[in-house]
Amino acid sequence: MRKIIVQIGSFILDPIRKFGQLKFSDRIVSFSNKNPWFKMLIAFMVVGVLVVMVYVL
Amino acid sequence: MKDWLMILLDGYIVWMIVFFLLSFFLSSKRVFRMLLFILFLYVVTWGAEQLELVISATILGYIKEWIPLIFVVILSPDIRKSFESAFVIDSKRDVATMGSAETKQHIVEAVTYLSSQNIGALITVEKHSSLDQYAERAIQMNSQVSKELLINIFTPLTPLHDGAVIIRGDTIRCAGAYYVLSETTKYDKTMGSRHRAALGISEVSDSLTIVVSEETGTISIVIEGIMLKANDKEKIYEYLNMFMK
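Those sequence lines, one after another, are chains A and B.
Reading the first sequence from the start, the letters are residues -3 to 53 in the working numbering.
Reading the second sequence from the start, the letters are residues 509 to 753 in the working numbering.
Hints listed in this document are in silico derivations from the structure and should not be mistaken for laboratory results.
No residue lacks a Cβ here, since even glycine has one placed at the ideal position from N, Cα and C.
Do not take every clue at face value.
[Stated by the list, open to error] Cβ-to-Cβ under 8 Å is the rule here; a few derived chain A residues that face chain B: (1) Met(-3); (2) Ile0; (3) Val2; (4) Ile4; (5) Ser6; (6) Phe7; (7) Leu9; (8) Asp10; (9) Lys14; (10) Ile24; (11) Met36; (12) Ala39; (13) Val48.
[Said to hold, decoys possible] Selected chain A positions facing chain B (Cβ under 10 Å, derived; list incomplete): (14) Lys19; (15) Ser21; (16) Val25; (17) Phe40; (18) Gly44; (19) Val50; (20) Tyr51.
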């Protein structure tokens, strides 16, 4: 019985665990730390989109 | 004309706010993971509300209300640090200062001597990414790189031997620096904390780190999350030459 409960639990948690193992958040942070232009570019893109949305559209 | 100036000013202020927020959220893996978790929670809550899932939407709704408070409590040290360093100009900026041939020679000789004596050492050579945040918490030195000084720093039972030396150009920026240990599973689990620290700093910066093992005296070069064994002088010099161009 306990084994079945554990198996069902693992089955439910498996997709989340696999997603966590991709560590794509770690990769983004590492990339951003190594490339100082990354944050600036994203900030420019966000501002560009906001300015267009507010003042142009 | 006045309208354009106003738009420009508006954009400038928004850019600063966005850049500050990005710097905060991308400052460490922990903070970024927390942000992703919160975003995930908001998406699930929104989904539950759209699909009219009564129980989960109600529970997640309560959790959502408490999220800002939980966020501030958990990340308060990081928030404080971000405000403290928000307008501090990095002493290094984007220009990389590379060491002279003499500096490389001193590093190679020091490392091979330490290896022959089985003395542990951790030397990081900075490139574009600034390591000021680690140097600030270590013992400031700002002295010329020399073989004798490096050997003296890592001599056991001296106050500076436990920690890393950060080299910028031809100067030893600091000694006794501590890095966040890598959590990688790529290498042997029995790997010591000195090697883990070297991997940790290589994962978050573009620096090169030389590690001398205390147990075996082996020399490793760590760069971009990769560790390479380099036990002869020529090989270390070659790596340093490639890196410190």
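Cross-check of the supplied hints:
no.: 1; hint: Met(-3); result: violated (26 Å)
no.: 2; hint: Ile0; result: violated (24 Å)
no.: 3; hint: Val2; result: violated (23 Å)
no.: 4; hint: Ile4; result: violated (18 Å)
no.: 5; hint: Ser6; result: violated (20 Å)
no.: 6; hint: Phe7; result: violated (19 Å)
no.: 7; hint: Leu9; result: violated (14 Å)
no.: 8; hint: Asp10; result: violated (16 Å)
no.: 9; hint: Lys14; result: violated (15 Å)
no.: 10; hint: Ile24; result: holds (7 Å)
no.: 11; hint: Met36; result: holds (7 Å)
no.: 12; hint: Ala39; result: holds (4 Å)
no.: 13; hint: Val48; result: violated (10 Å)
no.: 14; hint: Lys19; result: holds (9 Å)
no.: 15; hint: Ser21; result: holds (5 Å)
no.: 16; hint: Val25; result: holds (5 Å)
no.: 17; hint: Phe40; result: holds (7 Å)
no.: 18; hint: Gly44; result: holds (8 Å)
no.: 19; hint: Val50; result: holds (8 Å)
no.: 20; hint: Tyr51; result: holds (6 Å)
Violation of the numbered hints given earlier is confined to hints 1, 2, 3, 4, 5, 6, 7, 8, 9 and 13; the remaining hints are satisfied by the structure.
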